[in-house]
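Engineer: Sequence:
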Amino acid sequence: MNFGYREVCLDHDTGPRHPESPDRLRAIRRALKENHGVEYVTADDADIDLVRKVHDADYIEEFREFCDDGGGNWDADTVAVEETWDAALASAGLAVWAAEAALDGNSGRNTPFSLGRPPGHHAVGDDAMGFCFINNAAVAAQAALEADAERVAIFDWDVHHGNGTQDIFYDRSDVFYASIHEDGLYPGTGDVAETGTGDADGTNLNVKYKPGADTADYLAAIDECIAPAIEDYDPDLLLISAGFDAHEHDPISRMRVSTEGYGAMTDRMRSLTDACDAALGIILEGGYGLDTLSDSVTTVHEVFDGYQPMEPDDDVSDDARDVLDDLADQGFGSK
Numbered sequence: 658m659n660f661g662y663r664e665v666c667l668d669h670d671t672g673p674r675h676p677e678s679p680d681r682l683r684a685i686r687r688a689l690k691e692n693h694g695v696e697y698v699t700a701d702d703a704d705i706d707l708v709r710k711v712h713d714a715d716y717i718e719e720f721r722e723f724c725d726d727g728g729g730n731w732d733a734d735t736v737a738v739e740e741t742w743d744a745a746l747a748s749a750g751l752a753v754w755a756a757e758a759a760l761d762g763n764s765g766r767n768t769p770f771s772l773g774r775p776p777g778h779h780a781v782g783d784d785a786m787g788f789c790f791i792n793n794a795a796v797a798a799q800a801a802l803e804a805d806a807e808r809v810a811i812f813d814w815d816v817h818h819g820n821g822t823q824d825i826f827y828d829r830s831d832v833f834y835a836s837i838h839e840d841g842l843y844p845g846t847g848d849v850a851e852t853g854t855g856d857a858d859g860t861n862l863n864v865k866y867k868p869g870a871d872t873a874d875y876l877a878a879i880d881e882c883i884a885p886a887i888e889d890y891d892p893d894l895l896l897i898s899a900g901f902d903a904h905e906h907d908p909i910s911r912m913r914v915s916t917e918g919y920g921a922m923t924d925r926m927r928s929l930t931d932a933c934d935a936a937l938g939i940i941l942e943g944g945y946g947l948d949t950l951s952d953s954v955t956t957v958h959e960v961f962d963g964y965q966p967m968e969p970d971d972d973v974s975d976d977a978r979d980v981l982d983d984l985a986d987q988g989f990g991s992k
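For the sequence shown, position 24 matches number 681 in my numbering, and the numbering has no gaps at all.
Hints are supplied without guarantee of correctness; some may be wrong.
Taking lysine to aspartate or glutamate pairs in the DMTMM-like style, the calculated list, with each CA pair at most 25 Å apart, reads [to be verified]:
#, residue 1, residue 2
1, Lys710, Asp725
2, Lys690, Asp952
3, Lys710, Asp828
4, Lys690, Glu719
5, Lys710, Asp680
6, Lys867, Glu851
Hint data in this document are derived by calculation from the structure and do not stem from the laboratory.
Could you put together the complete structure from these sequences and hints?
Structural biologist: Right, dumping it as structure tokens:
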């Protein structure tokens, strides 16, 4: 794979006990050293005018001034230092690179994966939250729409609901957003009934699973609801907001997706984009166990290098089946 990466993303220093630390990128880079076919690509900062098309201009200026003044705690969880401004623009720029490289034909072993931080999917149009300042996936989707794409789909498999991405595109029919996330976990959004508004009704799909959902449950959501909905939407580009914190050994969630499970989800997304004749780009979000994060990213890479992940033997849980039935009632999938 082609991995977008810039050293400036390490300068966003969240402190010694914060889960979203520079060590996340360092661990991924160490793990990828053992694999062939890994290429690193740099990218320009995201254009500030592009960022303002998904974020309120006054908020972006407030964020810049906050960093210029030395940063601090934006809220209880979201920390900045002076260098966070540069890191955030770099992270968004890497996401834009992933979208544009995918649209330019980078696929197969050259599929782009943006390794930027801070992450982005909690950042709403006018505020930072949940470790996120600029919504990387939203900026990337906007860049794609201003290039060759008419429709973009975003699949968010981070364990937390991407409330910011949903909020930014909730009334826009040119972006389809789908998420699998843990019920009861931050930020508490992402109900099944949230399907978009106005002309965008039906372009927002939330799979809110109870704690303990495993790989089989995640794959069922993809097979029965998410993949068919995205295929019907017929996007020109699919972006994966790839958080790895639903892993069974991640320290801040209670889901049970295996490392092989991330490989299986990746394989399904690759097949889906082939079926849709769509481009595919991947953007890093969360994942806070350094070993599980790096192992899972490595498995994603290996899928594009020919590895065939094992399928789970488990049946879909009753709790997951109830959620999938609710989604069928909303028009996503079938009972």
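Engineer: Work down the list of hints and note, for each, if the structure agrees.
Structural biologist: Do the hints match the structure? See the list:
| no. | hint | verdict |
| --- | --- | --- |
| 1 | Lys710 to Asp725 | 22 Å, holds |
| 2 | Lys690 to Asp952 | 12 Å, holds |
| 3 | Lys710 to Asp828 | 14 Å, holds |
| 4 | Lys690 to Glu719 | 39 Å, violated |
| 5 | Lys710 to Asp680 | 31 Å, violated |
| 6 | Lys867 to Glu851 | 17 Å, holds |
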